[in-house]
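K.L.:
What follows is each chain in one-letter form.
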Amino acid sequence: MKLLVIEDEQALRENITTYFNEDGNICESTVNLAGAIDKLSSYNYDCVLLDIGLPDGEGFEVLNFLKKAMKDEAVLIISARNSLDDKIKGLNIGADDYLTKPFHLAELKARVASVYRRKAANSNNNIIFNEITVNLQGRTVEVNDTPIILTRKEYDMLLYFIANKGKVISKNAIAEHLWGDEMDMHNNFDFIYTHIKNLRKKLLDAKCNDYIGSVYGIGYKFKA
Amino acid sequence: MILYILILKRKRRKKEEGRAVSSIITLNGNNYLTTLIVSRADTEYLVQIIGLITLVLSIGLLLTLFITNRYILNGLWKPFYKTLAELKSFNISDNKSLILKSTKVDEFNELNDTVQLMSLNVKNDFQNLKEFTENASHEMQTPLAVITSKLDTLIQDETLKTDQYEQINDIYAATNKLARLNQSLLLLVKIENNLIADIELLRLDILIEEKIKQFYELTNDKQIKVETHLAIKEISASKYLIDILLNNLFSNAIRHNISKGKLIIILNTDKLLFKNDGLPQILDKSNMFDRFKKGNKSEGTGLGLAIVKNICTLNNWTISYFHETSFHVFKIEF
Numbered sequence: 001m002k003l004l005v006i007e008d009e010q011a012l013r014e015n016i017t018t019y020f021n022e023d024g025n026i027c028e029s030t031v032n033l034a035g036a037i038d039k040l041s042s043y044n045y046d047c048v049l050l051d052i053g054l055p056d057g058e059g060f061e062v063l064n065f066l067k068k069a070m071k072d073e074a075v076l077i078i079s080a081r082n083s084l085d086d087k088i089k090g091l092n093i094g095a096d097d098y099l100t101k102p103f104h105l106a107e108l109k110a111r112v113a114s115v116y117r118r119k120a121a122n123s124n125n126n127i128i129f130n131e132i133t134v135n136l137q138g139r140t141v142e143v144n145d146t147p148i149i150l151t152r153k154e155y156d157m158l159l160y161f162i163a164n165k166g167k168v169i170s171k172n173a174i175a176e177h178l179w180g181d182e183m184d185m186h187n188n189f190d191f192i193y194t195h196i197k198n199l200r201k202k203l204l205d206a207k208c209n210d211y212i213g214s215v216y217g218i219g220y221k222f223k224a
Numbered sequence: 001m002i003l004y005i006l007i008l009k010r011k012r013r014k015k016e017e018g019r020a021v022s023s024i025i026t027l028n029g030n031n032y033l034t035t036l037i038v039s040r041a042d043t044e045y046l047v048q049i050i051g052l053i054t055l056v057l058s059i060g061l062l063l064t065l066f067i068t069n070r071y072i073l074n075g076l077w078k079p080f081y082k083t084l085a086e087l088k089s090f091n092i093s094d095n096k097s098l099i100l101k102s103t104k105v106d107e108f109n110e111l112n113d114t115v116q117l118m119s120l121n122v123k124n125d126f127q128n129l130k131e132f133t134e135n136a137s138h139e140m141q142t143p144l145a146v147i148t149s150k151l152d153t154l155i156q157d158e159t160l161k162t163d164q165y166e167q168i169n170d171i172y173a174a175t176n177k178l179a180r181l182n183q184s185l186l187l188l189v190k191i192e193n194n195l196i197a198d199i200e201l202l203r204l205d206i207l208i209e210e211k212i213k214q215f216y217e218l219t220n221d222k223q224i225k226v227e228t229h230l231a232i233k234e235i236s237a238s239k240y241l242i243d244i245l246l247n248n249l250f251s252n253a254i255r256h257n258i259s260k261g262k263l264i265i266i267l268n269t270d271k272l273l274f275k276n277d278g279l280p281q282i283l284d285k286s287n288m289f290d291r292f293k294k295g296n297k298s299e300g301t302g303l304g305l306a307i308v309k310n311i312c313t314l315n316n317w318t319i320s321y322f323h324e325t326s327f328h329v330f331k332i333e334f
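Note that the protein sequences, when read in sequence, are chains A and B. In this text, residue positions in the first sequence follow the UniProt record's numbering: the first is 1, and each later residue adds one. In this text, residue positions in the second sequence follow the UniProt record's numbering: the first is 1, and each later residue adds one.
Check the hints yourself; a few may be wrong.
Said to hold, decoys possible - With a Cα cut of at most 25 Å, we get these calculated PhoX-like pairs of lysine-lysine:
no. : chain 1 : residue 1 : chain 2 : residue 2
1   : B       : K239      : A       : K89
2   : A       : K165      : B       : K161
3   : B       : K222      : A       : K202
4   : B       : K213      : A       : K202
5   : A       : K153      : B       : K225
6   : B       : K177      : B       : K130
7   : B       : K130      : A       : K87
8   : A       : K153      : B       : K239
9   : B       : K331      : B       : K260
Calculated directly from the structure, the hints in this document are not laboratory data.
In isolation and in its complexed conformation, chain B is listed as follows (with noise of 0.2 Å):
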């Protein structure tokens, strides 16, 4: 029988833990009940020395491993978070290429290797594209003087009816809306791959008069008050691209105008502003600035508002649009 019990040790008086086994032995006749008891006081101090100890080892562990992490990995993964920082600041319609420094870690060059390629291989692709749609829109532009020309030719025949001129203004004016959209589409492309580099200094401010007198035979027929705040303004841009931009936005604040209503133009030394009264229902900001998003009446070509975009976004300046009172306001942050 194995028994599990207290001692009581006299000495400390003291409750120790061990482990005692009692049996009766029988020696020459006389029954004797002997105990065997063995402290465990010892091992539980051993216990107690072995756990303090593994604990310290473990925390020291720790600590040298997050040390180690902090200061050794760390530089060791310089290269990965480099390369994560430049994936990061790719731009696919950027004109600089990818460019990964080698290191000394072969998985790290391996890795830049691929990425790089990878980078290269896209790029071309998208390089074809948009080549693509400038060859084929430049392709379009010969079949589309054919096509003009042999309209313009066809109308001198005054035998013609009048329902058969009709037709014919039809097909011109399908040709006209073609010549555009492809106009706009290669204009675009060109902003996007910044090709336009004529950048020069110009007075923002002189510009927009001379855009209001260019204008003014369309204000006129419209009866649009024009009403301009101009403060001198210089810009460093390019001066076909600044032509284009002040000519969408004025088609639009003419176009979308009502009839005695109110252009008002405020220019900045940070913004320029363009207010005009148009219909009141307000417009969706939230794609108004894409490419062939236009409102219900809209018959231009859907590229107008894009070009604004493109333009302010190439020169770093914001664009956006709100409706306040009765206005439509675009406004440039420059």
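So here's chain A without its partners, still in its complex pose (with noise of 0.2 Å):
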């Protein structure tokens, strides 16, 4: 996958860069609008993470000249306003996702992943790792070819896992995803470990191999 990210904050731009750059995904950045309508004038890109606020305008400009030259990249804006109106102006003209800053790197992953399956034309809707097939239209798994009966908080926590198989993440980045906004689960892990344990054994009753692993101290591991 080929990512343009657009973000004037160094240290950011840096870490969302390295992240997906270690996956075998092409990362390129820039720091501002005119460099951002540069690179998007002369490349195509698969999906474009942007943040509104730039030093010389503002991200919705981005979105502009897309729709503009009729170019098709997923994008997926990255703000620091948890703003109703930028949210719906964003998705309104042309925006695939919008995620509020401070976000989990591993929570952008999983973002991208899902912004691109949605883009991709030729997409099967099959998300294929190995031996575990997740159909995304019909919400099913199957491992081997049988299926296995998830509920939908692991669900979401199988895709989350895929998204960022090989990495470290941490039960805070987990909680978030699954509970976000609903509600604040504080330094409540519990819940996540019980859901970790029942989709892992879901998993092995279906003699899927043993992916996820426990990182002590800090979180979990899908191993690729």
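Join these two chains into a complex; the hints should help.
P.N.:
This is the structure in structure tokens:
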């Protein structure tokens, strides 16, 4: 996957680029609106990560540019403004998703993966990871062609893990992903532990390899 | 020698007041006792008449004063009372500004102008303060994002020891709390500024049913028994805010619930009740809806109930808390 990160905060930009590059993706970055337009007019990307508050203008300009140039890059807005108006405006002029800062890199990756899948024209609605097949349309999961029944949260978690395969994911990031706005989970991660235990058991019961490993003290890792 | 004497008038046989002077006069070698008497009856009569006239005049004057006060001055003071009423209804967080009509009286006009100017200044200051809160919160989001992403990158290094991971975990938790606080503050500012205006017609009973499904895993984990008595109820409000309201009420009711406890939700056309089991202690009613007021054991931001209260106020609903047998009850009256 080829990505373009448009973000003026250097530290954040570097982290995003590193996190995405490790996975065999090509991740380029630019710091302002002018640079973004420049890059987008010369190259094609699969996905654009767009900060709204740029030093030389509003990120919405990029969306307008893409629309005018009839380019079909998937766009994910990353904004410091958790504003309903911005969200609606962004989604109306062509953005595919809106993520409010601060976010976990794992969350960003899962969102990018989902946006990319939706956008990819030849998508067959299936994610295949070794023996695990996830049917996105029907929200069903099969292991070695044996269907397994997962709860909504377990299904979400599996997709999240697959999108972040090979990465250590903190319990905080998982809690944020699963419960997000719904609930302030504080430091109570028992819920997550139970869900992961159940998911792992269901996968193992279907003769799946044990991919979910615990990284003691911090979280989990889905072994690639 | 001057004497006051009473003389007897023979004709009328009536006592009258008078003044007399008597002295001995020697005339041609003979001594005469002479007495001069002046009657005071006329003066007394005069005094009575004057008194009566004064009294009648005073009463007349008072009456006129009363009437003028009542009917004429009342009209004259009308602009003042109008200004006073406007001032009483003045609310700093309202969006509408104080508008005072000009009058024919210069003094009142001056008063109105001063009051209007003052209210404008106060409002501007208040607005600036709120904008400052909003901007400060926004500016904090990016550094928070940097911290989170740095931590996310840091933990990829699997040579870290467990206790180092645990330290990182604490940083994560603190950052997470800070981010939530920030978002809650922003939300409060937005509600108070009435900036969320996506009002639509909502079926509250259906929304509650959806929320129960959404929180199923959490209630299930704690083995909380959820009981509902929902009547059909339509409200017109912002879906975004009602979602937050229900989220906060649900998380409260689940978080402070006991294992194998109960959560009873009752919805009528005029009220919504959230009853949940919990620790037997009775909570402090007086300030539980204030910002940053929370129970000893609560690890929340302390803004959850303040947000709930503000959403209720925005929709002209009242929220109250009471303790009923073993239940903690939150009641919203529409």
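K.L.:
Sort out which numbered hints this structure fails and list those numbers smallest first.
P.N.:
none
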